[in-house]
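So the protein lines, in turn, are chains A and B.
All residue numbers for the first sequence refer to my numbering, where the first residue is 1 and numbers rise by one.
All residue numbers for the second sequence refer to my numbering, where the first residue is 1 and numbers rise by one.
Check the hints yourself; a few may be wrong.
In silico BS3-like links for lysine-lysine, alpha-carbon gap of 27 Å or less [unchecked claim]:
hint : chain 1 : residue 1 : chain 2 : residue 2
1    : B       : 200       : A       : 173
2    : A       : 173       : B       : 159
3    : A       : 269       : B       : 157
4    : A       : 263       : B       : 157
None of these hints come from the bench; they were simulated from the model.
Treat the numbers as computed from the prediction; the structure is a model and nothing was measured.
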Amino acid sequence: MSLVVVGLNHRTAPVKIRERFAIPDSALGATAEVARARGCTESFVISTCNRVEVYGAGPDLQRVDEALAAALGEAGDGRVAVLRDHCYHHSGDSAIRHLFRVAASLDSMVVGEPQILGQMKAAFRTCREAGLTGPALNRAVERAFAVAKRVRSQTGIGRAVVSISSVAVDLAKQIFGDLQGRGAVLVGAGKMGELAARNLVAAGVEELWVANRSHDRAQRLAETLGGHARDLDELPRLLLEADIVITSTGARSFLIDKRAVKKAMRGRKYRPIFFIDIAVPRNVDPAANRIDNVFVYDVDDLTGIADENLAERRREAEAAETMVAGEAERFVRELAGAAVKPTIVALRRKVQRLKAAEVERALKGLDGADPKTVKAVERMADAIVNKMLHDVMTGLKTGASEGRAVELVELTRHLFALDERSE
Amino acid sequence: METLLAIGVGAYGATTASYLASLWSPRPAFSETARWLLRFSLGFWALVLGFWIFREGSAGGTRLLLGISAWALGGIYLLLLRRYPITSLGSFVLALATVLSLLGLMAERGEAFLPGGVANWLLRIHIGLAFIGITVFAFASAVSLVYLLQERMLKSKSKSPLRARLPNLDVLDTLSLRGIVAGFPFYTVALLLGSVQAVKQGELSFRPAYVAAVVSWLIYAGVLQARLTAGWRGRRAAVLTICGLLAALTTVLFYSFGLA
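Looking at chain A on its own, in the form it has when it is part of the complex (with noise of 0.2 Å):
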């Protein structure tokens, strides 16, 4: 039983193309069903944002290749030469290769991002409870899964953030630790800013004010963030209550200055103040960095930080895709040990039965041989077997091994007579 995918991703396709063939959570069943019925014995549909894929296990690799293709064009209401243009097949071990880098993040738009692996077994466990998959799917995907886990706890892959609102609040956490009772205090209303505003909160800042030149602007952002709406006049009153103070207007000169943080310094006791200023021009006057426990980022601070971070992630990505490669050779390996390991066992079987056979009928023929000269017949049996055994069973595990298990089962199948039922 091999296995097979057929899909179209982030790299193959533009978005306008995937858009097309995405499939809902509650069709995927439905997408492996018409993937089984086409020819697949088993079948696993995903489809994230970046990625539709068709998994499907059967004897007939050629078959199941067809049905899955077929499965996905129809996904995407019948468009078969769109999909012929930007999806991609593989099978058999290239298969399990694809999919543990699937699960493993290797093969992500953002390597190392850690909502594949939750998708993956969102959809596996979608299929499964519909009886979709079978004994090779399960088996490829819960190693596959397995070895994510392994990824993702032995390398740093995910380790690092790589987006600037998420930057931001990494920084936050450096100076403050947790986030939880400290407040935030949004400047300005412009998207970048929101997005940082929101992660901080999601991280646990309690307290966020939004102050803007237009105060209902200001009151319409602070319901969407759960926050405060405040004008932009009480500013200089928010630098003392607030941690972390986010800056995005399009104010064309410094809107915080040195002598301002300096004199909300003093009135903080000296407890440490954050600044992340995402506005160009900048907000925050950046000499402000040099006041002792006031950390002032610019846009360019943080961009500099993710894209280090990014390349972090891509180090360790070489190290994960080794131990990827490793661990699916090791699983094609057991797959292929596992094809061969009936065939092996009837073989040794009809031999032993032989060698019985024939030391008995030798025995007999040596009418009261000491007890000595009978082991040494019998020895001697013993290793012409073990000697025959040893090369057949050795060329079966490296045949299987190199793909060629059905081919080499059936040749020996045939030669040593296993399948007849008197010998």
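Add chain B to chain A, keeping to what the hints say.
Relative to chain A, chain B alone:
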């Protein structure tokens, strides 16, 4: 005994190396190994120190005190590790513990701090308390050193992965303050007992060791006062914590060279 001490120093050295590796690479295997090595080192040192005290008592002198200090530093770190995210602090604390245990290994045998004739219970308690105080101050100083490093990296917008691996400023500042709060009573009583001893022997004067001891005490008292009442924190507090330790170590050096 020499062999056991050398093994103990080696164990601390290996633990420090593991912590340095975990600082260099984010892979959890390094920090896990370091934690196991730390547990092994502390267990080994506990056995060695127990055996040593049982066999030689206070005759262990300077070497014994340094050994206990090194062990206590590792122990304090391991205890705090349960509550605070301070894995990367291990490189600094264990490096300090390794240096202390190595100094112990190289120190002269015998009671270096109890020269002939003046060994009495008051002096023993004075030395014991002073060492406890200095050990805790040493921990606070290691924490302060890491604070300065982390603060510098945050201020300079460093892109080094090390910044992400060092503990956050808040936890470092808290631990440094708690170190001074914990060590100060021991150090104060030690200083008082030392003064009583000096008065009894009619030796209280402006000798270098006394001056250094008083200066270190004043620094720590000042840091504590400023931190607890004026809300001082951060870089200045960290710098003064390290200065206090340097003054306290100067006192020990003066004693060691007979400049008491």
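Hint check results:
1. B:200 to A:173: violated, 54 Å
2. A:173 to B:159: holds, 16 Å
3. A:269 to B:157: Roughly 24 Å between the alpha carbons, so the hint for residue 269 (chain A) and residue 157 (chain B) holds.
4. A:263 to B:157: With a Cα-Cα distance of about 24 Å, the restraint between residue 263 (chain A) and residue 157 (chain B) holds, given a limit of 27 Å.
Hint compliance for this structure: hint 1 is the single one not met.
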